[in-house]
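Trainee: Each chain is listed here by its residues.
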Amino acid sequence: MTRLSTIRTAVAAIGVFAVAPLAAQQPIVLQWQTANLTESQYEPVWKQTIAEFEAANPGIKVEPVLVARKDHWTKFVAAAQAKKAPCIVSVDLTTAAYNGYLLPLDKYWNAEPAEFRNAYTDAILSAAKWQGQLYGVPIWGGTYAEIYNRDLVTKAGLDPTKPPKTFADYVAWGKKLTGSDHWATAVIGGKTDTTTRVLLTWIWANGGEAFNADMTEATFAKNPKSLEAIKFYLDFAGKTAIAAPAPATTNYLEQTTLFAQGKIATMRNAYWAVAKVEGDNPAMKGKMFVGTNPANVPNAPTLATITASSISSSCANPDAAWKFIKFDAGKKWSIARAKVSNWMPMRNDLADDPEIRADPLLAQFVKIGENARSYPLPSPVWADIASNDIVDAVQKALLAPDKTDEIFRDLDTRLTKKLRDI
Amino acid sequence: MDARPPVGAKVVPDPAVPQRRSASAFGGRRRWYGYAFVAPVALFLCAVIVLPLGHAFWTSLHRVRGLNTTFVGLANYVRVLGDEAFWHSLYVSLVFTGASVALHMALGLALALMLHALRVARTPLRILFLTPWMVAPAVGATIWLWLLEPQFGVVNYLLRALHVTSGPVAWLGEPATALAAVIAVDVWRGVPFVMLLMLAGLQTIPLEQYEAAAIDGATAVQRFRHVTWPNLRYLLVVASTLDIINTIRHYDIIGVMTAGGPAGGTEVLPVLLYNTAFRANRFGDAAAIGVALLVLVLAFSIVYVRLTRPDRVEAA
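Protein chains in written order, with this note's numbering: chain H, 1 to 422; chain P, 1 to 316.
Just so you know, the hints here were simulated from the structure itself, not pulled from any lab data.
Since this is a predicted model, take the numbers as computed values, not measurements.
Heads up, some of the hints might be wrong.
Said to hold, decoys possible - List of simulated lysine to aspartate or glutamate pairs, DMTMM-like, C-alpha gap at most 20 Å:
#1 Lys129/H <-> Asp106/H
#2 Lys222/H <-> Asp389/H
#3 Lys417/H <-> Asp83/P
#4 Lys84/H <-> Glu63/H
#5 Lys323/H <-> Glu54/H
#6 Lys222/H <-> Asp405/H
#7 Lys70/H <-> Asp252/P
#8 Lys367/H <-> Asp349/H
#9 Lys418/H <-> Glu84/P
#10 Lys417/H <-> Glu84/P
#11 Lys326/H <-> Glu115/H
#12 Lys222/H <-> Glu406/H
#13 Lys239/H <-> Glu174/P
#14 Lys155/H <-> Asp169/H
#15 Lys84/H <-> Asp71/H
#16 Lys331/H <-> Glu355/H
#17 Lys417/H <-> Glu217/H
#18 Lys403/H <-> Asp389/H
#19 Lys326/H <-> Asp349/H
#20 Lys287/H <-> Asp151/H
#21 Lys403/H <-> Glu174/P
#22 Lys225/H <-> Asp402/H
#23 Lys418/H <-> Asp83/P
#24 Lys75/H <-> Asp252/P
#25 Lys403/H <-> Glu84/P
Please take these sequences and the hints and turn them into a complete structure.
Mentor: Below is the structure:
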């Protein structure tokens, strides 16, 4: 060994010994991205969750990735394509799993005790699976129902204890709730999948179906009940004239703002909208009530979104990520999310929890949610069709109501092609 | 005393001085020096332009579903070019670009003429008119989004206060008004730059030409037509070509204000590209749209390069 190589070896050894303790001290950093971290009603809960998790797991740090809701998916996709996606994510699970962005979690799930696994029903877990593999743990959800402004209902001479049960009842209420500068409701036609969610609730309430059972064919126009419901709903902004103007630009934010300002008296939304409205206008606290979606068929299901926490396939520390997901899925945080953020718990061991039952509005949403279909629908192209194709069709039909049949027939053709091109 | 030979003089080697290297060897070495100096920039440009372009083209030949990729040849191009959405987007792009560029030029020139004629407050006004151009496009678009909001927006409030409209107008809710609105915002943002270019052009026109025209009894309109316009014509053509290249690939304002809606009414090609890539997760199709857009931009770039060739500049 020459003198030079001896010196080099010595320097390298010193370097390794000097750096090793530092590296050992470096905590694992987990990035966490959901669409909701930027929402004020959730902020106190997630901050406390992280603080307590880090205190219980000194070697792990959780770094929240704050992204505006509308940029959530695109930012995730861009990062996932670069194999730099945050470790813990809540995204459209089927689409993300199909594209290879998520890690199957069966290994972790099966290693958990039965007590933890039994807290989730098979129906709820099925919404977190793709091709038989589990890709997420359902954390929270939102059941869509009709939320009313009690003061406006009473002022219109209507009885808040007897909300409309059928489509015809709803229009009758709508006429009474509409005035020169205020309206009964808002048709959602903005360019996000909230448009699709609300449309599906109307279709199902009329006994229609938007897709066949195995999601290989779209039936928006093919199913007469679906088309009838679509026309009925979109007509609120047309001939029926009970909806606020500008439906093609109205979305969750605009709808809840209109409701909070008393511009509309009812809105089709989930429990979290109550928190949003109270945040926008604290005077609305205690002035809202909820009813089942008016329906033309008995036992019509509503829609319940299920948000699951997943681990991205590029995550360098999946074991630590699973630790956090399990911690976040705990009872304490499920109740906190329900009470503070108005997000419904997914654990079946919380349905009768006294803290949940103590909130009548939440209890009502939980009851309505007993007859709900899970959302997103299980197709790898769902993220695309729900926020693009269906929304475009709704916007076109709002702009040219007399062409609704043709527009939704074209949509059926387009979607069926996409659903089969997987 | 400077011992260097005068410029252009032929240098004859002194036979008394021994030549250490042949001229060709020296030239070859100098050439290598040149390459070495250019290499860092060339490598940098390769990394930021050539490689991404190559990757985009490679992607356009593949079916990309997330992290799964399959070679499909030209199938993405066939699908994209056969899709009505592409041709609709191209049409919207051309309308958006044509209207925006025409208005940029007309208003930019008008403002430049006004500022050039002013004798007072020229600098503060110039800064004031430049403000929209200084604001980031996404920020400006967000501000306009709220100004144009149907229920609570200032624009509707003012129009109703002035009895121009009776109820709320959904500016971004109808394809025609939405396209007009995004064009208006792009004009608001783009006019200052053209104004600045034109102002610079106006200041290069020799005063003698105006004086001569005045002596000949030319009116203001005649002075504009026979002095200003011929002097600015070349600048206008170059500026509008550059503006077309900038505007046809513009994304920010439309992305923020309408995301291409309603019903595709404002979906210019860059927005279609973005929606196809990031909303629909069809990166192969999106890359094919990108290549088509590149061809379009390149066509205008060739026009620009030809226009700015030294012999043309000289002639202008």
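Trainee: A separate judgement is required for each hint: does it hold in the structure or not?
Mentor: Outcome of the hint check:
| no. | hint | result |
| --- | --- | --- |
| 1 | Lys129/H <-> Asp106/H | holds, 10 Å |
| 2 | Lys222/H <-> Asp389/H | holds, 16 Å |
| 3 | Lys417/H <-> Asp83/P | holds, 13 Å |
| 4 | Lys84/H <-> Glu63/H | holds, 14 Å |
| 5 | Lys323/H <-> Glu54/H | holds, 11 Å |
| 6 | Lys222/H <-> Asp405/H | holds, 10 Å |
| 7 | Lys70/H <-> Asp252/P | holds, 15 Å |
| 8 | Lys367/H <-> Asp349/H | holds, 15 Å |
| 9 | Lys418/H <-> Glu84/P | holds, 15 Å |
| 10 | Lys417/H <-> Glu84/P | holds, 15 Å |
| 11 | Lys326/H <-> Glu115/H | holds, 12 Å |
| 12 | Lys222/H <-> Glu406/H | holds, 11 Å |
| 13 | Lys239/H <-> Glu174/P | holds, 17 Å |
| 14 | Lys155/H <-> Asp169/H | holds, 17 Å |
| 15 | Lys84/H <-> Asp71/H | holds, 16 Å |
| 16 | Lys331/H <-> Glu355/H | holds, 11 Å |
| 17 | Lys417/H <-> Glu217/H | holds, 8 Å |
| 18 | Lys403/H <-> Asp389/H | holds, 16 Å |
| 19 | Lys326/H <-> Asp349/H | holds, 15 Å |
| 20 | Lys287/H <-> Asp151/H | holds, 7 Å |
| 21 | Lys403/H <-> Glu174/P | holds, 16 Å |
| 22 | Lys225/H <-> Asp402/H | holds, 18 Å |
| 23 | Lys418/H <-> Asp83/P | holds, 13 Å |
| 24 | Lys75/H <-> Asp252/P | holds, 16 Å |
| 25 | Lys403/H <-> Glu84/P | holds, 18 Å |
Every hint, counting from the list given before, is met by this structure.
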